[in-house]
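Enquirer: Sequence:
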Amino acid sequence: MSHDPLSDVLRSVRLRGAVFYYVSCSDDWVAEAPAARDIAGAVMPGAEHVLAYHLMAKGDGWAATDGVSPVRLSAGDIVMFPHGDAHVMSRAPGMRASADNADWVFATRDEPKPIAVAYHGGVLHPGAPVPVEEASNIVVCGFVGCDLRPFNPLIAALPRLMHLAASGVGHWVRDVLHQAVTESQERRPGSEAVLERASEMVFVDAARRYLEQLPDDASGWLAGLRDRHVGKALGAIHAAPARDWTLEELGREAGLSRSALHERFVRFVGQPPMQYLTQWRMQLAANQLRSSHAGVAAIALEVGYESEAAFTRAFKRATGLPPATWRRAQATPPPRAV
238 MSHDPLSDVL RSVRLRGAVF YYVSCSDDWV AEAPAARDIA GAVMPGAEHV LAYHLMAKGD
298 GWAATDGVSP VRLSAGDIVM FPHGDAHVMS RAPGMRASAD NADWVFATRD EPKPIAVAYH
358 GGVLHPGAPV PVEEASNIVV CGFVGCDLRP FNPLIAALPR LMHLAASGVG HWVRDVLHQA
418 VTESQERRPG SEAVLERASE MVFVDAARRY LEQLPDDASG WLAGLRDRHV GKALGAIHAA
478 PARDWTLEEL GREAGLSRSA LHERFVRFVG QPPMQYLTQW RMQLAANQLR SSHAGVAAIA
538 LEVGYESEAA FTRAFKRATG LPPATWRRAQ ATPPPRAV
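Here the working numbering = 1-based position in the sequence shown + 237.
If you're looking for bench data, these hints aren't it; they were derived computationally from the structure. All figures in this text were calculated on a predicted structure; none of them were measured in a lab. Careful, some of the hints might be misleading.
[To be verified] Just the calculated beta-carbon pair ranges, DEER-fashion: (1) Asp241 <-> His362: 38 to 48 Å; (2) Glu486 <-> Ser306: 38 to 48 Å; (3) Ser311 <-> His240: 33 to 43 Å; (4) Gly364 <-> Arg465: 45 to 55 Å.
For every residue, glycine included, the Cβ atom is placed at its ideal position computed from N, Cα and C.
All chains, please: the whole structure from these sequences, using the hints.
Expert: Right, here's the structure in full:
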């Protein structure tokens with residue numbers, strides 16, 4: 238196991254990228270996107286959670302979602318909506334439009350990506366881009382899917398809107414996105430896979446940069462990773478999740494007493510260390526159940542349970558289903574949205 242909990246979580250939640258839309262705009266444009274869950278069946282079938290992001294490839298504009306102050310976007314900026322909220326992209330702040338009819342998203346689900354979309358004179362035109370030289374704005378839109386259950390501490394630790402200014406976004410991220418779009422427009426072999434990987438890379442880079450920019454008084458799982466003591470405890474749990482940990486042993490790893498670690502861990506992470514350990518074990522077990530043919534008893538032992546019965550009880554508390562039932566449910570593909 239890695240001593241890098243962020244990488245552990247990113248691997249365990251089946252992070253995967255999805256399709257792109259290449260949006261060109263002119264005049265006083267405004268686009269109102271529905272909640273990601275409402276179009277997930279088209280852009281990422283089977284994903285438990287979907288988030289959207291946008292790269293302002295040309296021009297400037299604004300991004301907003303209810304309850305969050307609008308942010309100004311310049312060329313090269315990326316905005317991300319980690320919780321999948323409905324949102325507005327517009328030429329000027331405060332603009333609103335009727336929510337776009339999502340039927341076109343489902344109707345074009347199987348078309349090669351990226352799909353060209355134009356907003357011209359306030360009217361949506363799927364499949365008919367404004368010429369690049371005439372467009373006031375060009376926005377590259379992507380999606381990322383991941384699991385929330387049994388345990389994904391990362392999504393809850395991210396804000397509803399993340400603005401990554403061009404000055405803070407690695408040049409390689411923008412270059413990868415532009416290259417992915419170019420390859421896809423040229424219909425080169427493997428371009429779909431390039432698009433998918435590019436979306437994943439954008440999300441990982443965004444999470445890392447958000448972690449680096451957290452204020453000193455921040456709380457949450459990511460802030461816990463950065464804390465001197467809580468970070469050591471999290472690293473120890475992720476390095477050896479099957480170990481028969483006690484709070485006292487974790488305290489020694491973190492350089493704190495039992496009570497001090499408990500208090501500090503709860504303040505940052507929102508739950509006690511031993512509860513976190515249990516939930517992380519359930520996430521690891523879920524991955525094993527989904528991706529391997531190992532028996533339940535073997536998986537229980539691998540994540541730290543000598544008793545299959547104790548593991549089954551813990552897993553059912555976390556997911557609502559016994560391990561074998563949960564495995565069968567994962568093997569059944571979800572119905573395709575129409």
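Enquirer: Please go over all the hints and tell whether each is borne out by the structure.
Expert: So, going through the hints one by one against the coordinates:
A beta carbon spacing of about 45 Å between aspartate 241 and histidine 362 agrees with the range 38 to 48 Å that was offered as a hint. Checked against the hint of 38 to 48 Å, the C-beta distance between glutamate 486 and serine 306 comes to roughly 44 Å, which is consistent with it. Judged by the Cβ atoms, the range 33 to 43 Å given for serine 311 and histidine 240 holds: they are separated by roughly 37 Å. A hinted range of 45 to 55 Å for the beta carbons of glycine 364 and arginine 465 is consistent with their spacing of about 53 Å.
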